[in-house]
Structures are given as C-alpha cells and as structure tokens.
Amino acid sequence: MHIFKLIFRNAFRHKLRTFLTVLGVTIAILAFGLLRTVISAWYAGVEASSATRLVARNAVSLVFPLPLSYKDKIRQIEGVKGVSYGTWFGGIYIDEKNFFANYAMEPKTYLAMYPEIIIPSEQMTAFLRDRKGAVAGRKLVERFGWKIGDIVTLKGTIFPGNWDFVIRGIYRGRDNTVDETAFFFQWDYLNEALKKAGRSWADHAGWYLIEIKDPHIAADVSLRIDKTFKNSLAETLTETEKAFQLSFISMTEAIIIAIKLVSFVIIFIIMAVVANTMAMTARERIGEYAIFKTLGFRGFHIGGLIFGESIIITMIGAVFGIMLTFPVAKIFAHELSAFFPIFNVETKTIYMDLAASFVVAFVAGIFPTWRAANIRIADGLRRIG
Amino acid sequence: MDNVSPIVEIRNLSKSYRRGSQTLPVLIDISLDIDKGEFLALMGPSGSGKTTLLNLIAGIDKADSGSIKVSGIEITSLSETELALWRASNVGFIFQFYNLIPVLTAYENVELPLLLSGLTKKERRSHVETALRVVNLTDRMDHRPGQLSGGQQQRVAIARAVVTDPTILVADEPTGDLDRKSAEEILDLMERLVHEMEKTIIMVTHDPRAAKKAHKVKHLDKGILNAYLQTDF
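Just so you know, the protein sequences line up as chains A and B, in that order. Numbering-wise (our numbering), the first sequence opens with residue 1 and increments by one. Numbering-wise (our numbering), the second sequence opens with residue 1001 and increments by one.
Hints in this document: simulated from the structure, not taken from any laboratory.
Calculated lysine-lysine pairs in the DSS-like style (CA-CA distance at most 30 Å, straight line): (1) K230(A) / K81(A); (2) K227(A) / K81(A); (3) K132(A) / K147(A); (4) K5(A) / K1122(B); (5) K1121(B) / K5(A); (6) K108(A) / K81(A).
So that you can see chain A by itself, here it is in the shape it has in the complex (with noise of 0.2 Å):
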C-alpha cells in the first residue's frame, strides 16, 4: 500500500462532504478566473499597444483637436519614422447599446502603423478608393451582420447627423489580442462635411499617431514633440501608446480596485469553506490519527495525510473550475463584445487559478494539522468507541 492511496480514500470517505466541497472550489475558481480576465480584459488595449508608436493629443485634454499643420512638422522630428491622425467620430448605430469604437482616420499611414489589423488587399484597394468607405472589425461584422457594401448609418453625437457608410472591408486582428470590433472610415469624409459646414474641427486632428525609429528613444522624441509646440495655441501631450490606454484605464481605476478586491474575497471564502471541511474531517479522525501515532508514525506523516487530502479535494474543484473558465468566458466574451472587445482567459490566469487553490489547500490544512499532530496519543484514543 502507498500513503497516496490512503490519502485518495480518505478524501472520499464522505462523498457528499467532498462534493459539496469540490463544488464550492469549482465555482469560486470559475469565479476568480472569470474576474481575473474581466480585469485582462480592461487592460486588454494597454497590452496590445506597441513600444514604438507614441500618440500625441491636445495638452488640455482629447477634447480639444490639434491642427493638421502639425502633421509636416512632427514628422521632421529626429527619431520620427511616420505620422499618421485620427478623429474619435462617436457615432451611435441604432441605438446608445449598440455601442463600438469608431473614429475616422488618414487610412494609408494609419494602417501602415497596425500591421495586426490584417485587411485583404483587394478590400482595402475598395476602401481607399471609397470616400465613404469604412472597415470594421470581424466580430462587429458579425454582432450586426454586416456584409461587404452593405451601407451602415452612424448618428453623430460629436458631429451631428446621419452619416451614411458602405462597408469595404472586413479586418481581423493577427491574434487574439487585437480587438476586432472598431469601425474606422476615412479622416477626409469627416474633414470635407466639416469644411462644408464651417466647423472649427475641420482641418484639425483629434490626435496624432507617430511611429518611431527605436522603442527605447520614445521618452526623447515625445519630449521633442512637445517642445516643438510649446507656447502654441494647441500644445501637445505625447506619451506612448501604452501610458496614452492607461490614461483611460485610470479613470476606471476603482472599478478594477473593486473587482480585484472581490476575486481575492471569493479566494477567501473558498479558503473558509475549505478549512471548515478540513476541521470538520480532522475533528473526526483524531482517533485515527492518534493510532497512527500510537503505531509510530509522526506529526509530519499526520501533516501529510491531512494536507494532501486537502490538495486532493481542492485541485480536483480547481482543475473543473478552470475546465469551465474556457466555455463561460467564451459566452462572456459573446454577451458582453461592446464592453470588453478582448475576453481571452490567459495563461497568467491560470497559474494564478492554481496558484490560488494550492494556498487554499494549504491554509485549510494548517489548523487540523497542527491540532492532529499535538493531541496527546492518549486523548485521541479516548475518543474511539
């Protein structure tokens, strides 16, 4: 006979206990894992974001645009390999809940910067050739059904009215981690209707995306950037596209403080739960245990019985738990694309999934071990028969 083997049937000695138990770790390590990508999730943008692509905006705020001018003189800044600009459009389809990103851009250097957004060549020829064109994302195409020409209409919020689209081409991402559900059409359709009617948006950029030589010389040529327009009626802010996502993320920061806080409560209940199992088992047994002693064996053998009987009961719940994660994210992913455009279950997730349950299975052990492994051999015998 191995240990192990005493260690499984002991583990299973109260079937409905165990199931019970294995069930609670089941759902809460479905549970942390799906909190854990939501929170993924969030940062989804800041890590597909790229070290060599810095993005300059209005130093007052994304609110107010920066004139196109700019354009020429940052790209004669040393250490800048390409410009390119956008405009955040806003528009709504149908109706506020069917929201998805959407912003006009210059599509030739703006795409040439992306080269995770993959577009066949012979849509993107249509696209640039449509004043009215647009691309969207392949999980857009597919929350709404578009197909290629198919016209979308988008209600402006920032610039009023209808504004009609034909639909050119469909992007995917390389993998995925690029977000796939952004609409984008060109900068010069928005810019013309502007012109047309004397807004102050027109010939102006929402921000500008610049493509540099070297990742580690960013902080440099962001400096320079900003230099360059200081004292101007629209000095610039340029940070890197990383810290420019964080800036959103920041102002959500509670929120992600909140869910975190909660995953590790779940981890905390479970570990309750767990512990409470562990006593309730160890309390039982402590006559057993107190033969095992008798026979010869130690506190670390009791030690071992005990918390490999945990380990036993909790990676059994962990393992179906992260079983699960996969097909629950996958629905999640579904129902909620407007919200979280990437809702991939990392592999960072499950290390920490498993990570989770091992110090589950470990701090419920504690306890009745250390409780099993001092009784007096005498007393525990008292409690037999």
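Go by the hints and put chain B onto chain A.
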C-alpha cells in the same frame, strides 16, 4: 518464569492528572517487573490506573516520576520522536475497539506499521502474509474492517500488532467488545503467541475469564499496585 530476566522494569512510577487547579494522582509509586515471555494481566476497578500504566509502559504517555526500562532502554528519558521510533519497532498494540483504519483492507491495516520500517514491498508482503497466517485470516486479507466480524477485526489487529515482531504486546481490554466465543478465540490466540512465539503480553482486563489465561494477574486499586493481591497461574 523465574529464571527469565525482566524485559520490563518499572521503579517508583508515579503519574497524576491536572483537573483545573486540582492534581489527581493516578499511579502512585509503582514498581513492577515483567519477564520475557510472560503473559501479565492487570486488573482493577475503573479509574484504578490500569490503562494509564499500560500507556506508560507502551510509551504513549509520560510519567511524572520514576523509571520504566524496556529491554534495558529507559523510555522515560526518550523524546517524542525517539519514543515514536521506539514504539514502531518495540511495541504491538491491541485495543478494545480494534482501531483498524476503515478505508484500508485487512492486508493494508497489517502493513501499516511496516511502512515505517524501510522494508521493500516484497518483504512487507511476506511479513504481512505471515502475520495474517498466524491469526488464520489469509482468506480475508482483501476485506475492509466493515466487512469483518468483531472477532475477525480483532484478529487483524493482533496481526498488525505482531507484524513488526515487537518486544512487547500491550492489550487494553482486547475482549471487551466481543461475544464470549470470539473472546475465547482471541484469548487462545494470545496464549499461542506467548507459548509458540514467546511474546510478552501485558493485558488490561476486567474479565476474570481473560485474566485466567494470563500467567500472572496484578491488581491495581486507586493507583496503587496491591502487593498482597497477586494471582499466579
């Protein structure tokens, strides 16, 4: 028996328990010799200290004062770890309620003490089969305790007690939970262990029939070994 040197030598042994602020003496100045191959019965009313004395001899409890030597080893000076190792190879235990591990088969229960011995799996199998043969239970080795009668469970417990070939066997009311026929079988088996295998058995019992099987009966009363009340068979 007189020519055999004592395997257990107890001198001036005292033990008391604390209950709140009170100290209750359980054993008072006990001195006793037990010879090798002897079958000793300890009798006395409840609370007289029989089981406490047995536990002290078996090294599962600590004395307040006095000396216990088993095979020349002063066990009162051993640490907890040393005592555990000593028990594993020197003492076999037989309890009133058998105290088998319910999730293990008869074979596995008997094998349990050998897991600490460093023997190979093959060697352990040989020892376990021999022990089960002694108690005539080889045909039940794959049964779990719940599938065995009380008498059979106690025989498994005896096999577990002898499998390490210990110096002494301690038995606490071994027939207390058995019917008359099963009790008789167990006592016969214990007698055989003494006569055929020269085992030393120290048995606590209330049962005069069980005590009759012993070579010698010592009587305890209120923690004192009654020097005048000893039965030799």
